[in-house]
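Protein chains: 2
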Amino acid sequence: MERLAAGVDVGGTNTVTGLVDAKGKIYGQRSFKTKDYPYFCDYVERLVQDINFLVRQNEGAVLAGIGIGAPNADHFKGVLLNPVNIRWYERGSEPFGPDNMKVIPFVEALKGYFPSLPVLVDNDANAAATGEMIYGGARGMKDFIEITLGTGLGAGIVSNGDMVYGYGGMAGELGHIIVRPGGRSCGCGRRGCLETYVSATGIVRTMLEILASDDRPSRLRNVAVAEMNSKMIADAAAEGDALAAEAFERTGEILGLAMANFVVFSYPEAIFLFGGLAQSGGLLWEPAKRYMEANMMRNFAGMVKLLPSGIDCSNAAVLGASALVWKELMRLESL
Amino acid sequence: MERLAAGVDVGGTNTVTGLVDAKGKIYGQRSFKTKDYPYFCDYVERLVQDINFLVRQNEGAVLAGIGIGAPNADHFKGVLLNPVNIRWYERGSEPFGPDNMKVIPFVEALKGYFPSLPVLVDNDANAAATGEMIYGGARGMKDFIEITLGTGLGAGIVSNGDMVYGYGGMAGELGHIIVRPGGRSCGCGRRGCLETYVSATGIVRTMLEILASDDRPSRLRNVAVAEMNSKMIADAAAEGDALAAEAFERTGEILGLAMANFVVFSYPEAIFLFGGLAQSGGLLWEPAKRYMEANMMRNFAGMVKLLPSGIDCSNAAVLGASALVWKELMRLESL
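These protein sequences, in sequence, are chains A and B.
With this note's numbering applied, the first sequence corresponds to residues 1 to 335, in that order.
With this note's numbering applied, the second sequence corresponds to residues 336 to 670, in that order.
With the rest of the complex left out, here is chain A (with noise of 0.2 Å):
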């Protein structure tokens, strides 16, 4: 008998449930479009279909519990909290109008067909720091930080062997460190937020920036900006780009520096860089690396990790998600 735990990886395109075993391995995928479902009973009724389907189609598995990764997820409360690119909505409220539910009671819900199993919801970057702890290469860790870079930045800081939440679950948010006052406009409302230099649309300002500034020749001047994204960037690099391979120095020392201060912080064994960006083939992280010793506080020279993500890229989110339930577990285990 197999004990198998879900991870659920709600985006805003599309739903995607896997069924995984304690070491990492998948048994079986389901997917839909998240949108098909804007009544939240019936997106609810959806995914339980799919555990319940992927759970018969494996003989003898038990489910061992849910976890569920998504944006503006309140790990203490169950909920996610408005999230930008999903809307729900509840029966009763067509047409369906800008009244979309503010605070959805995902592990609330979920609860209600599987009342005996932990339930468990957090963002995509602690999710993602978890399934680190779990699966990859943060296993046996007790302070590490996983750094996610996608459009935007993540971040999961582990501490004392715990996820930080923080006094209302919403620690980590380390894109939105600002390092440079009065810099560049933040979506938060801010400005010089760490996401806006480091992150796949970060770079793509820092891009415009050095072709404004500096009129050598380069393959991306013939890019319109709204087309322009970072693998056009580390592409141009990787052929000898010089303004390119600059956007990556830029990026890797802002990156550097900021990493530095995260040690001085909270002084992590290994610092992961999880995501497309990251693994741009040194582009990216020859500079930051170099940029974090240089920078890096005596006591702790040399003494930090960076290190790529253990975890599958392509299947990151299930893990991640499904990786809360085995945190769960060991947790309640040890009390």
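There may be inaccurate statements among the hints.
Capping the alpha-carbon separation at 25 Å, the derived lysine to any residue pairs in SDA-like fashion look like this [said to hold, decoys possible]:
#: 1; chain 1: B; residue 1: K358; chain 2: B; residue 2: D497
#: 2; chain 1: B; residue 1: K640; chain 2: A; residue 2: F76
#: 3; chain 1: B; residue 1: K368; chain 2: B; residue 2: R474
#: 4; chain 1: A; residue 1: K77; chain 2: B; residue 2: G475
#: 5; chain 1: B; residue 1: K446; chain 2: B; residue 2: F375
#: 6; chain 1: A; residue 1: K142; chain 2: B; residue 2: L667
#: 7; chain 1: B; residue 1: K477; chain 2: A; residue 2: E328
#: 8; chain 1: B; residue 1: K477; chain 2: A; residue 2: D214
#: 9; chain 1: A; residue 1: K142; chain 2: B; residue 2: E604
#: 10; chain 1: B; residue 1: K358; chain 2: B; residue 2: H410
#: 11; chain 1: B; residue 1: K640; chain 2: B; residue 2: M476
#: 12; chain 1: A; residue 1: K305; chain 2: B; residue 2: F411
#: 13; chain 1: B; residue 1: K412; chain 2: A; residue 2: G140
#: 14; chain 1: A; residue 1: K142; chain 2: B; residue 2: K368
#: 15; chain 1: A; residue 1: K33; chain 2: A; residue 2: S93
#: 16; chain 1: A; residue 1: K305; chain 2: B; residue 2: D497
#: 17; chain 1: A; residue 1: K142; chain 2: B; residue 2: S669
#: 18; chain 1: B; residue 1: K477; chain 2: A; residue 2: D162
#: 19; chain 1: B; residue 1: K640; chain 2: A; residue 2: G189
#: 20; chain 1: B; residue 1: K368; chain 2: B; residue 2: S428
#: 21; chain 1: B; residue 1: K370; chain 2: B; residue 2: N349
#: 22; chain 1: B; residue 1: K446; chain 2: B; residue 2: R381
#: 23; chain 1: B; residue 1: K477; chain 2: A; residue 2: D74
#: 24; chain 1: B; residue 1: K360; chain 2: B; residue 2: Q384
#: 25; chain 1: B; residue 1: K412; chain 2: A; residue 2: A270
Some chain B residues well away from chain A (every beta-carbon gap over 10 Å; in silico) [claimed, not checked]:
#: 26; residue: Y500
#: 27; residue: G503
#: 28; residue: Q614
Think of the hints as simulated: they come from the structure by calculation, not from any bench.
None of the values given here were measured: they were computed from a predicted structure.
All C-beta atoms, glycine included, are put in the ideal place defined by N, C-alpha and C.
Position chain B against the provided structure of chain A, taking the given hints into account.
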């Protein structure tokens, strides 16, 4: 039978020992000049005499343990690592030269005299945070930050009810977050650290910058640079000196932004400010709070209390050191 913890404040000038009950009431103190005992073994013997003297003075008292607050303490290893202002030697090393002890085995030495009692060492700021948690304003809080403002800036971070020591015990050095890359030189060998701006010495440097850039009159123009201190700046500001007031405004601006960034990291329920500079009659407090909120990420706006330390300033070091014992006993009980 009253259980009392010994709190030992190890300073470059004095070593102060006090006996403290679990509520923070002090049952007598003893003090001696640290430099009178250049041999570490003699120093420890004298310290043990003071502890035993205090225990005998309190009839029926039972020693619960010994907590030591000291510079450069490694809590996990129980040692002091080459503290700047204190030098001890091993017997046989006379005449006293540069070969002072680099790693001072404080816990091991005291365990030799009190083998069955908990003996703990921690740095001053972590001891202050522990004092806040056991006796002060942080009772009942699981997530808070204690910032101590003295010659430098120290900090103790508590997350999930535990001190954040990180991998190797030296986390929380928030005075050495780099806030101005390439900025003021710091004793740590780098540039732009928070404590070069926000501390008793930092505000003097800021005052000098203002005296250089602003040609309005100030009574501080009559003070030699080497003589100037934060108290003089506070007194001048309190009496309407515009440039001295500006020094507090700028210091509060940097501290406020830094605190807004700390909140993003660990989301404390409260930040406690401790030390003379913090108490200068709202001069630092008011701008620090204003800039903290002005820079706060929306999720946290108005959520984090900025509080004065609830620990009696004059006995804070002994209280904080003694609190290490009660915290350890609570930890042992919870196992």
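>> If we take the beta carbon of B:Q614, is the closest beta carbon in chain A still more than 10 Å away?
In response: Fine: 25 Å to the nearest Cβ keeps B:Q614 off the interface.
> For the pair supplied as a hint, A:K305 and B:F411, is the alpha-carbon distance within the 25 Å limit?
Replying inline: holds, 20 Å
> For B:G503, is the shortest beta carbon distance to chain A beyond 10 Å?
Replying inline: B:G503 not clear of chain A: closest Cβ-Cβ about 6 Å, inside 10 Å.
>> Check whether the Cα positions of A:K142 and B:S669 lie no farther apart than 25 Å.
In response: Holds: A:K142 and B:S669 sit about 19 Å apart, inside 25 Å.
>> Just to be careful, I want the Cα atoms of A:K142 and B:K368 compared with a cutoff of 25 Å; is the pair within it?
In response: violated, 40 Å
> Is the straight-line distance between the alpha-carbon of B:K446 and that of B:R381 25 Å or less?
Replying inline: holds, 15 Å
> If you draw a straight line from the CA of B:K477 to the CA of A:D162, is it 25 Å or shorter?
Replying inline: Holds - the C-alpha atoms of A:D162 and B:K477 are around 13 Å apart, at most 25 Å.
> Between B:K358 and B:H410, is the straight-line Cα distance small enough, at 25 Å or below?
Replying inline: At roughly 23 Å apart (the allowed maximum being 25 Å), B:H410 and B:K358 satisfy the hint.
>> Check whether the Cα positions of A:K142 and B:E604 lie no farther apart than 25 Å.
In response: With Cα atoms ~23 Å apart, A:K142 and B:E604 stay inside 25 Å; holds.
> Does the structure keep B:K360 and B:Q384 at a Cα separation of 25 Å or less?
Replying inline: holds, 21 Å
>> Check whether the Cα positions of B:K446 and B:F375 lie no farther apart than 25 Å.
In response: holds, 14 Å
> Do the alpha carbons of B:K358 and B:D497 lie within 25 Å of each other, as the hint requires?
Replying inline: Holds - the C-alpha atoms of B:D497 and B:K358 are around 19 Å apart, at most 25 Å.
Of the numbered hints given earlier, the model fails hints 3, 8, 14, 26 and 27; all others are met.
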